[in-house]
Amino acid sequence: MTAIDTPITGTGHAEPAEAAAEPKLFGLIGEFDNVDDIIGAANAVREAGYKKTDVHSPFPVHGIDDALGIKPTVLPWIVLAMGLTGMTTGLLLTTYTMADWLPIPERVPENFEGYKFLISGKPFNSLAGFIPVIFELTIMFSAYTAVFAMFLLNKLPMMSNPLLRSKRFRRATDDRFFIAIDARDAQFDAEQSAEFVKNLPGCLAVEVIEDE
Amino acid sequence: MAHGHTTLDEADTQAIGAKLWPVFRMLCVLAVVGAVLLIAGVAMDGESMKRFFFAYLIGYCFVLGLTVGSVALVILTHLFRAGWVVAVRRVPETFAANFWIVAIMGAPLLLAVFDGEGRLYPWAMTLENAEERLHAAESFIHDYEHGHHDHDHAAAEPNEPELYFVADTDHEGEHGHDKTDEGHDDADHAGGYEAAAARIAGMAYPDDKEEARQVQSAYYDGLLSYMLDYKRYGGQLDGNNQVPIDKETGKGKGFTWFYPLNVALRMVLYFAIFSLMGWFYWNRSVKQDETKDVALTTRREWWAPASVTAFALTTTFMAFDILMSLDPAWYSTMFGVIFFANSITAGIAMTILVCMFLQKKGYLKTVNTEHYHDLGKLLFAFVFFWGYVSFSQFMLIWYASLPETTYWFEIHGMTTVETAPQYGSGWTYLSLLLLFGHLLVPFGFLLSRHVKRNLTALAFGAVWMLLMVYIDFYWYAMPFFKSPGIPFPLAEIGAVLLLLALVLAAFVYRYRQHAPLAHGDPRLHESTALDTNVWAPIHH
Numbered sequence: 001m002t003a004i005d006t007p008i009t010g011t012g013h014a015e016p017a018e019a020a021a022e023p024k025l026f027g028l029i030g031e032f033d034n035v036d037d038i039i040g041a042a043n044a045v046r047e048a049g050y051k052k053t054d055v056h057s058p059f060p061v062h063g064i065d066d067a068l069g070i071k072p073t074v075l076p077w078i079v080l081a082m083g084l085t086g087m088t089t090g091l092l093l094t095t096y097t098m099a100d101w102l103p104i105p106e107r108v109p110e111n112f113e114g115y116k117f118l119i120s121g122k123p124f125n126s127l128a129g130f131i132p133v134i135f136e137l138t139i140m141f142s143a144y145t146a147v148f149a150m151f152l153l154n155k156l157p158m159m160s161n162p163l164l165r166s167k168r169f170r171r172a173t174d175d176r177f178f179i180a181i182d183a184r185d186a187q188f189d190a191e192q193s194a195e196f197v198k199n200l201p202g203c204l205a206v207e208v209i210e211d212e
Numbered sequence: 001m002a003h004g005h006t007t008l009d010e011a012d013t014q015a016i017g018a019k020l021w022p023v024f025r026m027l028c029v030l031a032v033v034g035a036v037l038l039i040a041g042v043a044m045d046g047e048s049m050k051r052f053f054f055a056y057l058i059g060y061c062f063v064l065g066l067t068v069g070s071v072a073l074v075i076l077t078h079l080f081r082a083g084w085v086v087a088v089r090r091v092p093e094t095f096a097a098n099f100w101i102v103a104i105m106g107a108p109l110l111l112a113v114f115d116g117e118g119r120l121y122p123w124a125m126t127l128e129n130a131e132e133r134l135h136a137a138e139s140f141i142h143d144y145e146h147g148h149h150d151h152d153h154a155a156a157e158p159n160e161p162e163l164y165f166v167a168d169t170d171h172e173g174e175h176g177h178d179k180t181d182e183g184h185d186d187a188d189h190a191g192g193y194e195a196a197a198a199r200i201a202g203m204a205y206p207d208d209k210e211e212a213r214q215v216q217s218a219y220y221d222g223l224l225s226y227m228l229d230y231k232r233y234g235g236q237l238d239g240n241n242q243v244p245i246d247k248e249t250g251k252g253k254g255f256t257w258f259y260p261l262n263v264a265l266r267m268v269l270y271f272a273i274f275s276l277m278g279w280f281y282w283n284r285s286v287k288q289d290e291t292k293d294v295a296l297t298t299r300r301e302w303w304a305p306a307s308v309t310a311f312a313l314t315t316t317f318m319a320f321d322i323l324m325s326l327d328p329a330w331y332s333t334m335f336g337v338i339f340f341a342n343s344i345t346a347g348i349a350m351t352i353l354v355c356m357f358l359q360k361k362g363y364l365k366t367v368n369t370e371h372y373h374d375l376g377k378l379l380f381a382f383v384f385f386w387g388y389v390s391f392s393q394f395m396l397i398w399y400a401s402l403p404e405t406t407y408w409f410e411i412h413g414m415t416t417v418e419t420a421p422q423y424g425s426g427w428t429y430l431s432l433l434l435l436f437g438h439l440l441v442p443f444g445f446l447l448s449r450h451v452k453r454n455l456t457a458l459a460f461g462a463v464w465m466l467l468m469v470y471i472d473f474y475w476y477a478m479p480f481f482k483s484p485g486i487p488f489p490l491a492e493i494g495a496v497l498l499l500l501a502l503v504l505a506a507f508v509y510r511y512r513q514h515a516p517l518a519h520g521d522p523r524l525h526e527s528t529a530l531d532t533n534v535w536a537p538i539h540h
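Sequences listed follow chains D and Y, in order. Quick note on this note's numbering: the first sequence kicks off at 1 and runs consecutively. Quick note on this note's numbering: the second sequence kicks off at 1 and runs consecutively.
Hints listed in this document are in silico derivations from the structure and should not be mistaken for laboratory results. Check the hints yourself; a few may be wrong.
Keeping only pairs whose Cα atoms sit at most 25 Å apart, straight-line, the calculated SDA-like set for lysine to any residue is [as the list claims (entries may be wrong)]:
{"hint": "1", "chain 1": "Y", "residue 1": "Lys292", "chain 2": "Y", "residue 2": "Pro22"}
{"hint": "2", "chain 1": "D", "residue 1": "Lys116", "chain 2": "Y", "residue 2": "Phe391"}
{"hint": "3", "chain 1": "Y", "residue 1": "Lys50", "chain 2": "Y", "residue 2": "Trp475"}
{"hint": "4", "chain 1": "D", "residue 1": "Lys122", "chain 2": "Y", "residue 2": "Ser431"}
{"hint": "5", "chain 1": "D", "residue 1": "Lys122", "chain 2": "Y", "residue 2": "Gln216"}
{"hint": "6", "chain 1": "Y", "residue 1": "Lys360", "chain 2": "Y", "residue 2": "His135"}
{"hint": "7", "chain 1": "Y", "residue 1": "Lys377", "chain 2": "D", "residue 2": "Ile64"}
{"hint": "8", "chain 1": "D", "residue 1": "Lys155", "chain 2": "D", "residue 2": "Gly49"}
{"hint": "9", "chain 1": "Y", "residue 1": "Lys377", "chain 2": "Y", "residue 2": "Val308"}
{"hint": "10", "chain 1": "Y", "residue 1": "Lys209", "chain 2": "Y", "residue 2": "His135"}
{"hint": "11", "chain 1": "Y", "residue 1": "Lys377", "chain 2": "D", "residue 2": "Trp77"}
{"hint": "12", "chain 1": "Y", "residue 1": "Lys482", "chain 2": "Y", "residue 2": "Trp408"}
{"hint": "13", "chain 1": "Y", "residue 1": "Lys360", "chain 2": "Y", "residue 2": "Lys482"}
{"hint": "14", "chain 1": "D", "residue 1": "Lys71", "chain 2": "Y", "residue 2": "Arg449"}
{"hint": "15", "chain 1": "D", "residue 1": "Lys71", "chain 2": "Y", "residue 2": "Gly444"}
{"hint": "16", "chain 1": "D", "residue 1": "Lys122", "chain 2": "Y", "residue 2": "Leu402"}
{"hint": "17", "chain 1": "D", "residue 1": "Lys122", "chain 2": "Y", "residue 2": "Leu30"}
If you want the footprint, here are the derived chain D segments under chain Y, 3+ residues with CB under 8 Å [stated by the list, open to error]:
{"hint": "18", "region": "125-131"}
{"hint": "19", "region": "156-170"}
Don't be surprised by glycine CBs; every beta carbon is placed ideally from N, CA and C.
Let the hints inform the model, and build the full structure from the sequences given.
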């Protein structure tokens, strides 16, 4: 959803009265107080066909990915690709800087041809000496990619989340487990979905959260 | 349903008893087969005793590493208060508890230490044998250098035999008499083993490979014999380059690090420390099966930091004494770390394989893919750790380019000197096999989680890594056998089969006396909670 689709309040447009009375929904949360119930709820929600779901818990819950049907993340492949890029960069950097066999075109100015440092009497093409540089660049590319790609994939930094307006939800950092269904889910219907979650075993409460 | 509570199978909480006897018997048969192969391989070799010692030492380092690695796995997981490991911990615990048996299995090596011949460890030679070798080497080199080569200075000093391997103080600065290469003058004048090493590093080999090997061997003998005196008597040579001998006792003065008895006593100390640690962690864990006493866990964890410290020092010095001293002139402070890396790789790989075997036999029902995944991660980590420290050792020595350390790599085939006897030999290919087989290929193989969670693939990786650990020990030790090429490894295969079968038989013998699972451990639920099937089906 783009920002343009969002109704902007306070503009000169005359909005229909119903739109103001029925604000946009963010989703709903269902509250549980133990791991087994939240796992059961996640299974039930997945089996009911909901896709845009999430679980909020005070600590990592083993098996929750399978219960929610979360697909394996693409992050390792991104990290692998960037690690290989780092390795290639390191190899090219060291070889270009030091080695004397690279075919450098004549019109490249002399200053950009690489230095051919004589270090410790070693040959210019000393792969053993290049490996620390190649290794470090591989690590650096992979590590930074892992962190920042994780941010991007998680849509971080997110300055606020509508869920946090719910007082009940604050216990997600303490002793409660919440299952959340996003309003953008194709199957989402405020009343039916709330009823469905409410009837799950162990559900203590259901709250529908409004967007903005 | 309270979370994390699984009912334990009865087979996992009671002593196995007689059910593993067939396995035990099969291992004993394998040990006999190994012994026969060892005897056959040794008998076929011209230097039988020397070959026996080398084959036995390499096989012994492998089972020793395996056991040391099990000790490491146990104390490290206690140090970190790891909960996940509890389901599989009885396996490395039992290997660790058998350390005293492994220690006794090292007894044949004592013969190599005390017989005075120095077949295995050059420092174990008696002074007479050492002097004989020193003089033989010196006269060989004298003949070689004055007979085969014309050079400028030889004519200027006729009939003056030179002692290359003793401190050359008299001649300092008189003549730049470097026979082989330019640029080694400094090392030359320093005298002693630096000079000898410089000659090896900078020597011009004859074209014939066999002759080159003899020349190298002579230089090398001189180097070792000098170091023998140097190290055994604390390097306190008197003005006449003689080792000061106490007139009354007839023994050398000074600190005698490589005096055979001192080495043997040190080995006893190392093995005592390891055996004590191995026994302690196993014993307290077995006790806990009955008492379920949490204090036993806290006690073990309290001792873990001290154990790790003792472990690190003991492993380092043990590696120096048992393996690095095959060449007492060469030194690498990384050596103990590499020994540890190999050890824990073997320990983890063996834990994986034994757990799989026991599960096939119907034990360890709580162990699941999550545990194998975790063990696989550790295996992967130490594959790279080995590569990291091994490469560091090579690169620092290569970069510093000190002759007294670089010649070691030449002997192991890692050299660019084309005339060197080992250049392009089997040792070179073995070094490359280690680079690819011990590091690059398993790194790529074990990188993926799908491989680590696929039990067949993980078992293959574990067997492969055990093989590579063995080959690494082989690569460290066997070049000092100084045969022209890599000898047919019948004796080595026999020795490792014998020792591995014995260690596994001892494992089975001890393991069957107690419950297969450390079911009294207070962290057991953490480990069984790794079983996500409790909550949700996993589709593998």
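Do the hints match the structure? See the list:
no.	hint	result
1	Y:Lys292 / Y:Pro22	32 Å, violated
2	D:Lys116 / Y:Phe391	24 Å, holds
3	Y:Lys50 / Y:Trp475	17 Å, holds
4	D:Lys122 / Y:Ser431	21 Å, holds
5	D:Lys122 / Y:Gln216	24 Å, holds
6	Y:Lys360 / Y:His135	61 Å, violated
7	Y:Lys377 / D:Ile64	21 Å, holds
8	D:Lys155 / D:Gly49	24 Å, holds
9	Y:Lys377 / Y:Val308	21 Å, holds
10	Y:Lys209 / Y:His135	24 Å, holds
11	Y:Lys377 / D:Trp77	18 Å, holds
12	Y:Lys482 / Y:Trp408	13 Å, holds
13	Y:Lys360 / Y:Lys482	44 Å, violated
14	D:Lys71 / Y:Arg449	15 Å, holds
15	D:Lys71 / Y:Gly444	23 Å, holds
16	D:Lys122 / Y:Leu402	13 Å, holds
17	D:Lys122 / Y:Leu30	50 Å, violated
18	125-131	holds (count 3)
19	156-170	violated (count 0)
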